[in-house]
Amino acid sequence: MHTRTSEAELLRIRAVLIHSAQLLSIESIALTIFTPLTVATLMTKVGPILLRLQRLILGFDQAIFGYASAEGKLVTEFSDFRISPSELAAGSIVATGILANPSVWVRAKGSSQMVIAPDSLVQLTSRMRLLSEANQPVVRIEKYADGSTSRFVVYVPGTQAITAGTANPLDMRSNLQLLAGQQSASSRAVDMAIRKAGAKAGDRVMLVGHSQGGLIAVDLAKRSKAGLLDYRVDNVVTFGSPVGSNSADALPEVLSVENKVDFVPQFDLIGNPKGENWLTLERNVFGDPISAHQMEAYGSIVSDIERSGEFANNSVWQGVEKFATTKGEVSFFELGQRRS
Amino acid sequence: MPSTEFRALRQGAWLRCQNQRMDDVRAQLGAAVAGLLAAQPDPTLWSGPAAQVFSQSIDELSREVGGLIFDALVFLEPLAPPVT
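Listed in order, the protein sequences are those of chains E and Y.
Sequential numbering from -1 applies to the first sequence in my numbering.
Sequential numbering from 112 applies to the second sequence in my numbering.
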């Protein structure tokens, strides 16, 4: 088929889509004299439509930022209506406008220290567990020299505040936004921390996240693959994160560890895509709903699988283990957001 | 206590106000459909597989928003006027 493209036409369509989305937003449809139930009914119908419009607009953003290689990407983006029920629900809530994005800040916590690169998935998991159990809005960033560029391993913990409006961006508001496929305050803060740690154009990043941390990792990886970030995300490792509604084509190599007894990774009701770039490791570690989701359970899954040697030759597994191999330095960054 | 005539007048005004708001919402949904239809690509400026898939998505979305205008007749029914 003959293909013709005018950037001006893409810009025109993008502007029309944004205008249509604005007409459908709750701020625009003044419903003050209707009951909350009526408003909720309308938004459950409008929310999913807005979510799809946002995806189309994102597709145009990607195309306009670098159209030359984007034709195939556009086909994927516009065909990708693989939306999970939880994503639809979250989309409806986000569409109400309740979840405005607060400004975020990042500050270094302590001074950096020497570190040796994790040589196994077990060691990587154990570093993720230590950070997660500290239960602080803090990310761990390891930096390794790689010729003229650097490699960064970034560990991101999960949700810590079950309400919104506190100074901790790892809250339920960020969770809902990420589930709805939007960028959250937590995701913007992690991106800011990575840049503060020194990541620049040409540097490679591996993102490791537990629960919401995994959603943040996937969000940043998608933005990186779309060319919207300076640094390049090469690998993503998620522990107990509901990431199944994402398209494998839009992501780099992803290794997901899931406890089949943990309800959180099943929250999107969609299994992870199967592809050459996506490896999902699953086991049963029984316990109550909280312990089944904790990093201790995920640590035992990884140890069990590593002992079995079942995936030792898998390229995604190897990509994680070989991402960094030298000595480097580790820093910690505290994340915050403006209270609302 | 207000007279029967005054209550009837107030009830009529309230219903007119509700109906006006519903008309506004329907008009806004109609404008969104028109906007989506205007987002259809001009084939002389953009064509190919992506344009085709996009065009189908827009058709689908505009049908859904159009459906909301009819839904609005039901789920935005005026409430019973305030009891006085």
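Any given hint could be a false lead.
Taking CB as the label site, the calculated pair distances span [stated by the list, open to error]:
#1 Y:122 to E:337: 25 to 35 Å
#2 E:20 to Y:118: 15 to 25 Å
#3 Y:122 to E:16: 36 to 46 Å
#4 Y:122 to E:336: 40 to 50 Å
#5 E:336 to Y:138: 33 to 43 Å
#6 Y:131 to E:20: 14 to 24 Å
#7 Y:138 to E:16: 15 to 25 Å
If you want the ones that stay clear, here's a sample from chain Y, every Cβ over 12 Å from chain E, calculated [to be verified]:
#8 115
#9 121
#10 123
#11 139
#12 158
Since the hints were made in silico from the structure, they are not lab data.
Backbone N, C-alpha and C define an ideal beta-carbon position, used for all residues, glycine too.
Point to revise | Hint check for residue 20 (chain E) and residue 131 (chain Y) - Cβ pair distance inside 14 to 24 Å | key: At roughly 22 Å between Cβ atoms, residue 20 (chain E) and residue 131 (chain Y) fall inside 14 to 24 Å, so the hint holds.
Point to revise | residue 139 (chain Y) remote from chain E - nearest C-beta pair above 12 Å | key: 6 Å, violated
Review point. Between residue 122 (chain Y) and residue 337 (chain E), does the beta-carbon spacing fit 25 to 35 Å?
Key: 45 Å, violated
Practice item. For residue 20 (chain E) and residue 118 (chain Y), compare the CB-CB distance with the range 15 to 25 Å and indicate the outcome. Key: Check failed, 40 Å falls outside 15 to 25 Å.
Check your understanding: Far enough from chain E: is every CB of that chain over 12 Å from the CB of residue 115 (chain Y)?
Key -> Consistent with the label, residue 115 (chain Y) stays out of reach of chain E, its closest Cβ about 25 Å off (over 12 Å).
Check your understanding: Can we confirm that no CB of chain E comes within 12 Å of the CB of residue 121 (chain Y)?
Key -> 15 Å, holds
Exercise for review: Could you tell me whether the CB distance from residue 138 (chain Y) to residue 16 (chain E) stays inside 15 to 25 Å?
Suggested key: 20 Å, holds
Practice item. May I ask you to test the hint 40 to 50 Å on the CB atoms belonging to residue 122 (chain Y) and residue 336 (chain E)? Key: 46 Å, holds
**Study point:** residue 123 (chain Y) and chain E, when compared Cβ to Cβ, separated by more than 12 Å
**Key:** 16 Å, holds
**Study point:** Verdict on residue 158 (chain Y) as a residue remote from chain E, using beta-carbon distances over 12 Å
**Key:** Residue 158 (chain Y) not clear of chain E: closest Cβ-Cβ about 5 Å, inside 12 Å.
Practice item. With 33 to 43 Å as the target window, see if residue 336 (chain E) and residue 138 (chain Y) comply at their CB atoms. Key: Given range 33 to 43 Å: holds, Cβ gap about 37 Å.
Check your understanding: Taking 36 to 46 Å as the hint, is the beta-carbon distance of residue 122 (chain Y) and residue 16 (chain E) inside that range?
Key -> At roughly 41 Å between Cβ atoms, residue 16 (chain E) and residue 122 (chain Y) fall inside 36 to 46 Å, so the hint holds.
The structure is inconsistent with the numbered hints 1, 2, 11, 12, although it conforms to all the rest.
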